[in-house]
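Q: In case you want the letters, here they are:
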Amino acid sequence: MATTGKARTPEVELDRRHKIGLPPDVVERAELKAGDRLSIQVRRDGSILLTKVTDPLEKFIGAAPGISGATNLEALRDEWAR
Amino acid sequence: MGAVVVLDSSVLLSLWDPDDPRHAVAASAIRDLRVARARFVVPSLVLAEVLVGAARQGEGMIRLRLAQLRAAFGEPHPIDTKIGMAAARLRGAHGSIRTPDALVIAAAQVIGADEVLTTDRRWEQVEHRVRVLAG
Chain A
1 MATTGKARTP EVELDRRHKI GLPPDVVERA ELKAGDRLSI QVRRDGSILL TKVTDPLEKF
61 IGAAPGISGA TNLEALRDEW AR
Chain B
83 MGAVVVLDSS VLLSLWDPDD PRHAVAASAI RDLRVARARF VVPSLVLAEV LVGAARQGEG
143 MIRLRLAQLR AAFGEPHPID TKIGMAAARL RGAHGSIRTP DALVIAAAQV IGADEVLTTD
203 RRWEQVEHRV RVLAG
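Taken in order, these protein sequences are the chains called A and B. If you read the first sequence in this note's numbering, its first letter stands for residue 1, the second for the next number, and so on. If you read the second sequence in this note's numbering, its first letter stands for residue 83, the second for the next number, and so on.
By construction, these hints were calculated from the structure, which means they are not laboratory data. All values derive from a computational prediction rather than experimental measurement. Backbone N, C-alpha and C fix where the C-beta goes; we use that ideal spot for every residue, glycine too. Don't take every hint at face value.
[Claimed, not checked] Which stretches of chain B does chain A cover? Using the computed rule of at least three CB atoms under 8 angstroms from a CB of chain A, they are: (1) 100-110; (2) 133-140; (3) 173-185; (4) 205-213.
[As the list claims (entries may be wrong)] Sample of chain A residues facing chain B (criterion: CB under 7 angstroms; computed from the structure): (5) Gly46; (6) Pro65; (7) Ala81.
[Said to hold, decoys possible] Distance ranges between label pairs, derived from CB positions: (8) A:Gly35 / B:Gly217: 24 to 34 angstroms; (9) B:Glu157 / A:Gly62: 18 to 28 angstroms; (10) B:His210 / A:Glu28: 46 to 56 angstroms; (11) B:Thr181 / A:Leu22: 48 to 58 angstroms; (12) A:Lys19 / B:Lys164: 52 to 62 angstroms; (13) A:Leu32 / B:Ala106: 20 to 30 angstroms; (14) B:Asp101 / A:Lys52: 23 to 33 angstroms; (15) B:Thr181 / A:Arg37: 26 to 36 angstroms; (16) B:Arg138 / A:Arg16: 55 to 65 angstroms.
Bound conformation, chain B alone (with noise of 0.2 angstroms):
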């Protein structure tokens, strides 16, 4: 088994999105990582996020994409309790730090996660095993 990978927001719209700026490299990170046998895991807030898009346009799109969202990571993992409290320890730290960036990053830290994948620069002083996309 690879390493376990939270994906954030940014990353999963980048790869959709053909005119995305960094819609190359974070097509290729997630091919890299799916060689190395990575297991994705993608936060119940960032389909929330990710899926606002596709709200705009209809009911029929948002099945849509949910649809191609659960068939390439899986079913999306609930934001609990245990997560909650992590969230609030961060935004306890890091004052900058806006709320739903802290829940991606605590998913990643109760789910002991290798690595969070995304293209904010800024939670890179918030936690180790964070990795930004730069393109």
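Bound conformation, chain A alone (with noise of 0.2 angstroms):
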């Protein structure tokens, strides 16, 4: 891998097999991991555009902090009973 000093974007080489390496920094910043998957889409201009593609269901989870106090959800089905 190689970096311009200038504008500090890495490149890198695909290989014989298009086959290419995220640089570590990348992959921490984009908070990347192992067995992620990469959406691509490649644009008009040229560019290709990786994008993580995220479970919904783990989009759900822990999303809303205080909102079982702020629903209170025994109070609501007791008031059924009124």
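Since each chain sits alone in its own frame, please combine them into the complex, following the hints.
A: Rendered as structure tokens:
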């Protein structure tokens, strides 16, 4: 891997089997890990966009801090008995 | 295709809220079911309950939470006449059960679900397919 000095844009080389390796700092900044899936978009200007594919279930888990207390389910259900 | 699993509001709220005391147990159970290719069903009554907290924060928050819920579990299942009748039978047979509890359990009966996940221990006495998540 080589990096350009000024812009600090990482560069990678495509090997004979069309594979690339992402630089460690890119992996870290993008919060990627082995086994993650990436969607690939080739744009009209020739740029390629890699986007981490996120599981909607994983996005749901833990996404709403405090919602249990704010909802107070038991009180809601007890209202039906009034 | 894996098991069909009806989710109660109590489980969804525990799953959604990282500060909920049952969050870890709910997350573990749901992840295990996902790996086993379970199909999750969220009755529309459950939707109405779990969005109450979001509703208090405004329309934008309701839309956000609804989008998260749909993306994770699909379109909520409507409470129809058959489910209403099954809930009435449950209420008739078990005097102590509340109407919303009966509607969720009835949805599982009518759909033919393999399991109903809840954190409410009282449901165990009403329906054999109830699994209580304790944490």
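Q: Quick one: see if chain A covers the region 100-110 of chain B, three-plus residues with Cβ-Cβ under 8 angstroms.
A: holds (count 5)
Q: State whether the coverage of the region 173-185 of chain B by chain A holds or is violated, taking the criterion as 3 or more residues with Cβ-Cβ distances under 8 angstroms.
A: With 4 residues closer than 8 angstroms to chain A, the region 173-185 of chain B meets the three-residue bar; holds.
Q: For the range 52 to 62 angstroms, tell me whether the beta carbons of lysine 19 of chain A and lysine 164 of chain B fit it or not.
A: 55 angstroms, holds
Q: Can you tell me whether the CB distance of glutamate 157 of chain B to glycine 62 of chain A sits inside 18 to 28 angstroms?
A: 23 angstroms, holds
Q: Under 8 angstroms between beta-carbons, do enough residues of the region 133-140 of chain B, three at least, approach chain A for the coverage claim to hold?
A: As far as the region 133-140 of chain B goes, the hint holds, because 5 residues have Cβ atoms under 8 angstroms from chain A.
Q: Under the criterion of a CB-CB separation shorter than 7 angstroms, is glycine 46 of chain A in contact with chain B as hinted?
A: 32 angstroms, violated
Q: Taking 26 to 36 angstroms as the hint, is the beta-carbon distance of threonine 181 of chain B and arginine 37 of chain A inside that range?
A: 43 angstroms, violated
Q: Please test the hint of 24 to 34 angstroms on the beta carbon pair from glycine 35 of chain A and glycine 217 of chain B.
A: 28 angstroms, holds
Q: Could you say whether the range 23 to 33 angstroms given as a hint is met by the Cβ separation of aspartate 101 of chain B and lysine 52 of chain A?
A: 26 angstroms, holds
Q: Classify the hint on alanine 81 of chain A as holds or violated, based on whether any CB of chain B lies nearer than 7 angstroms to its CB.
A: 6 angstroms, holds
Q: Is the listed coverage of the region 205-213 of chain B by chain A valid when you require three or more residues with a beta carbon under 8 angstroms from a beta carbon of that chain?
A: violated (count 0)
Q: For the pair threonine 181 of chain B and leucine 22 of chain A, does the Cβ-Cβ distance stay inside 48 to 58 angstroms?
A: For threonine 181 of chain B and leucine 22 of chain A the Cβ distance comes to about 54 angstroms; the hint holds.
Consistency with the previously given hints fails for numbers 4, 5, 15, ordered from lowest to highest.
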